[in-house]
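Place chains D and P on chain B using the hints.
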Amino acid sequence: MSIDSILFYLFAVIILGSAIMTITRRNVVHSAIWLIGALVGVAGLYLLQGAEFLAGVQIIVYIGGITVLFLFVIMLVPVREEALTHRFSSQKWIAVFCSVVVLVILMAFVVHGGGSLEFPTREAPLEPGSLTKNSEEVGYVLFSEYLLPFELASILLLVAIIGAVVMSKTRKSETES
Amino acid sequence: MEVTTAHYLVLSTLLLFIGTVGILTRRNIIVILMSVELILNAVNINLIAFSSALQQIHGQVFSIFVITDAAAEAAVGLGILIALFRNKETIHADEIDLLRW
Amino acid sequence: MPRDYIPILIFVVVAAAFPIVTLLVAKLIRPSAPGKTKLEAYECGIAPETDTRGRYSIRFYLVAILFVIFDVETIFLLPWAIQFDALGLFGLIEMLVFLAILIVGYVWLFRQRALKWA
Chain B
18 MSIDSILFYL
28 FAVIILGSAI
38 MTITRRNVVH
48 SAIWLIGALV
58 GVAGLYLLQG
68 AEFLAGVQII
78 VYIGGITVLF
88 LFVIMLVPVR
98 EEALTHRFSS
108 QKWIAVFCSV
118 VVLVILMAFV
128 VHGGGSLEFP
138 TREAPLEPGS
148 LTKNSEEVGY
158 VLFSEYLLPF
168 ELASILLLVA
178 IIGAVVMSKT
188 RKSETES
Chain D
4 MEVTTAHYLV
14 LSTLLLFIGT
24 VGILTRRNII
34 VILMSVELIL
44 NAVNINLIAF
54 SSALQQIHGQ
64 VFSIFVITDA
74 AAEAAVGLGI
84 LIALFRNKET
94 IHADEIDLLR
104 W
Chain P
35 MPRDYIPILI
45 FVVVAAAFPI
55 VTLLVAKLIR
65 PSAPGKTKLE
75 AYECGIAPET
85 DTRGRYSIRF
95 YLVAILFVIF
105 DVETIFLLPW
115 AIQFDALGLF
125 GLIEMLVFLA
135 ILIVGYVWLF
145 RQRALKWA
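Those protein sequences? They're chains B, D and P, same order as listed.
In terms of the working numbering, the first sequence is residues 18 to 194.
In terms of the working numbering, the second sequence is residues 4 to 104.
In terms of the working numbering, the third sequence is residues 35 to 152.
Please keep in mind that the hints were generated in silico from the structure rather than gathered at the bench.
Don't take every hint at face value.
Claimed, not checked - Partial pick of chain D residues on the chain P-facing surface, computed with a CB cut under 7 Å:
no. : residue
1   : A56
2   : T71
3   : A74
Fair warning: this is a prediction, and the values are worked out from it, not measured in the lab.
Using N, Cα and C, we set each Cβ at its ideal position, and we do this for glycine too.
Chain B extracted, bound-state conformation (with noise of 0.2 Å):
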């Protein structure tokens, strides 16, 4: 076994475990922290897969900033005695069914289809250097070809700094009172 075969299945047994914990744990503080644990192992295929400046990104906002974001929300909203024994609702069963249904199916499409992932490599492959590389290229193709969608993302993110504070925000008649 590779290297990167290694690697590849010590990054997915962490994602997995990690995943699994996230959704199992009574306490919500440690399902953010597994969570990390979980977005780490992401970053680490990212790193494998040569999108260095992608697992840069995934460490930078996800990690350093919507974990931290949950964190802060959790800390907001008090826990009730209730809600640590009853953690799952009542239709798990069954959406627990539906979900391994949907596992199957999708799980037949990949072993039946695995053949056609085979894809031919190009002459000049694309060279997985240094962090600069990668940054460079993602620069350059986002820059060009993206215009139009790296213009949307501005816009969603004033929608979303609106939408957030809006919604979060204590109404006149709250701090007044």
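Just chains D and P now, kept in the frame of chain B:
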């Protein structure tokens, strides 16, 4: 055993499965939002796997947009959660049943 | 290619192993005398009156949200800065439009006084 694109697809399918189960079974909305993040990560694993299999950079650029989306989704989603808690005093998905009959 | 990152992997492993080994060694060496008082929250000697997880102000969340949004903005700024020469004036205008849209949000925040800490 050589790791192929199919391996990455299987991994991402399993992650999607775990995320779906989390969304459908958990009561706490914060954990549901975390499961959404897991699913978005499964999407990103796919995009990166194809990007490296096809030797094209487009998958990576697309992943950046997915991550941007995830950040916006988390910000607004958690904002809605806080507004909900203020009005209903609950963050449990099965207790918000105003539209159920 | 992953060979280039082996030093980083070793660094991560050592960083993860350090607290684990330290705690394990401490657990093996120290005398074990568990007690209920030791698990209580320490509040200058008086008995704690409320739960440790009191409610925080919503302002923390607002600041965290703005941090995340402008964090994502940086993600777009970095590749632009790296490719500044190749993209030239067109890239500059592109980025200025991007920033202008986001600054609208920033100005709106200031007008709403969402950042005021009082």
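Here's how the hints hold up against the structure:
1. Evaluation of the A56 of chain D hint against chain P yields a violated restraint, the C-beta minimum of about 15 Å exceeding 7 Å.
2. Look at T71 of chain D: its Cβ gets to within about 5 Å of chain P, closer than 7 Å, so that hint holds up.
3. The closest approach between the C-beta of A74 of chain D and any C-beta of chain P is roughly 5 Å, which is under the 7 Å cut-off, so the hint is satisfied.
In the structure shown, a violation is registered for the earlier hint numbered 1 alone.
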